[in-house]
Amino acid sequence: MSFIPDIRLFSCHYTSQQSCAHEGKELQELGFPENVRLTRVPCTGKLEVATLLKAFEDGADGVYVVGCPTDGCHNVEGSQRAAKRVAAVRDALQELDVEPERVNMYHLPRGLHPQFVDAANEMNQRIEKIGPSPF
Amino acid sequence: MIVAERKPLAEILEMVKDCKKILVLACRGCVTVCSAGGEREAEILGSLIRLGMKKNGRTAEVFEGSLVRQCDREYVDAIDQWKGQYDAIVSTACGVGVNFIANLRPADNVFPALNTTFLAVRPSRASRANSVPAAVTVFSI
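If you read the protein sequences in the order shown, they are chains A and B. Okay, so the first sequence: first residue is 26 according to this note's numbering, each after it adds one. Okay, so the second sequence: first residue is 3 according to this note's numbering, each after it adds one.
Calculated from the structure, these hints are not laboratory results. Think of the CB as a built atom: it goes at the ideal place given N, C-alpha and C, for glycine as much as any other residue. Among these hints, one or two may not hold up.
Selected chain B positions facing chain A (in silico; Cβ < 8 Å) [unchecked claim]:
#: 1; residue: Pro-10
#: 2; residue: Leu-11
#: 3; residue: Ile-46
#: 4; residue: Ser-49
#: 5; residue: Leu-50
#: 6; residue: Arg-52
#: 7; residue: Leu-53
#: 8; residue: Lys-56
#: 9; residue: Gly-59
#: 10; residue: Asp-82
#: 11; residue: Lys-85
SDA-like, lysine to any residue: derived pairs with alpha carbons at most 25 Å apart [to be verified]:
#: 12; chain 1: A; residue 1: Lys-79; chain 2: B; residue 2: Leu-15
#: 13; chain 1: B; residue 1: Lys-57; chain 2: A; residue 2: Arg-110
#: 14; chain 1: A; residue 1: Lys-71; chain 2: B; residue 2: Asn-101
#: 15; chain 1: B; residue 1: Lys-56; chain 2: B; residue 2: Asn-101
#: 16; chain 1: B; residue 1: Lys-19; chain 2: A; residue 2: Pro-67
#: 17; chain 1: B; residue 1: Lys-23; chain 2: A; residue 2: Leu-121
#: 18; chain 1: B; residue 1: Lys-57; chain 2: A; residue 2: Pro-139
#: 19; chain 1: A; residue 1: Lys-71; chain 2: B; residue 2: Glu-7
#: 20; chain 1: A; residue 1: Lys-109; chain 2: B; residue 2: Ala-109
#: 21; chain 1: A; residue 1: Lys-71; chain 2: B; residue 2: Lys-22
#: 22; chain 1: A; residue 1: Lys-154; chain 2: A; residue 2: Pro-139
#: 23; chain 1: B; residue 1: Lys-56; chain 2: A; residue 2: Pro-139
#: 24; chain 1: B; residue 1: Lys-9; chain 2: A; residue 2: Glu-120
#: 25; chain 1: B; residue 1: Lys-22; chain 2: B; residue 2: Cys-36
#: 26; chain 1: A; residue 1: Lys-79; chain 2: A; residue 2: Gly-156
#: 27; chain 1: B; residue 1: Lys-22; chain 2: B; residue 2: Asn-101
#: 28; chain 1: A; residue 1: Lys-71; chain 2: B; residue 2: Gly-67
#: 29; chain 1: B; residue 1: Lys-22; chain 2: B; residue 2: Met-3
#: 30; chain 1: B; residue 1: Lys-19; chain 2: A; residue 2: Ser-27
#: 31; chain 1: A; residue 1: Lys-79; chain 2: B; residue 2: Asn-101
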């Protein structure tokens with residue numbers, strides 16, 4: 026039986042600005058999966074561990090964060106802070122005996138580019154393989 | 003000064019496995035400073051307890067609250083604002099705070115969520131001014 030994962034993406038405003046332009050039409054044309062729900066945040070450094078865990082509580086099968094490159098963050102250290110929090114969620118999932126691969130961090134440059142779609146497809150395939158969330 | 007760290011999640015989940023309404027009680031004192039048991043950490047723990055219970059096929063209403071300090075009698079009465087809303091308190095205070103709450107609320111189930119790993123006192127103001135490390139009494143636990 027096929028399984029369509031519920032995937033939540035938290036993306037930095039700057040990284041996703043052009044991708045989300047024109048109501049995301051270009052993103053759809055590039056093959057961005059429909060089951061990935063995008064939430065844009067002013068800076069991924071603003072994301073809390075609790076926000077990512079809440080996504081799992083709300084039924085997400087996988088959660089990932091897309092922020093600026095580590096050496097080119099608009100807010101200097103925002104995406105590095107996000108990466109630390111994603112790592113904390115991974116540890117927490119491991120403690121709960123849940124696959125830590127359900128959460129991931131990507132550092133991508135600004136602009137509409139295939140990597141943004143590739144990251145979504147990678148997460149989609151990964152979660153399809155792992156299966157539904159145990160929560 | 004107190005330094006603490008969260009107990010393994012499995013241990014906390016085992017403590018509260020039969021509870022239906024859980025108050026995760028943060029302390030805004032020392033354990034906030036060492037990022038172990040402040041409001042932010044209590045929110046994370048609350049979420050992890052909900053997820054853990056759900057994974058184990060149990061359901062519980064978990065909510066978070068905080069006190070200015072759990073080691074000071076004058077702040078502990080604030081627990082009454084949640085009266086009747088919980089059947090267990092998971093305290094993210096240090097060992098002092100947890101025991102103080104348990105002593106003052108003997109009818110409540112109070113569980114510790116942290117391991118206190120370090121404590122120290124500065125015996126006099128002078129030692130601070132002169133920064134004399136030898137005058138600091140350190141207790142390693």
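Which numbered hints does this structure break? Violated hints: 9, 10, 11, 14, 15, 16, 18, 20, 21, 23, 25, 29, 30 and 31; rest satisfied.
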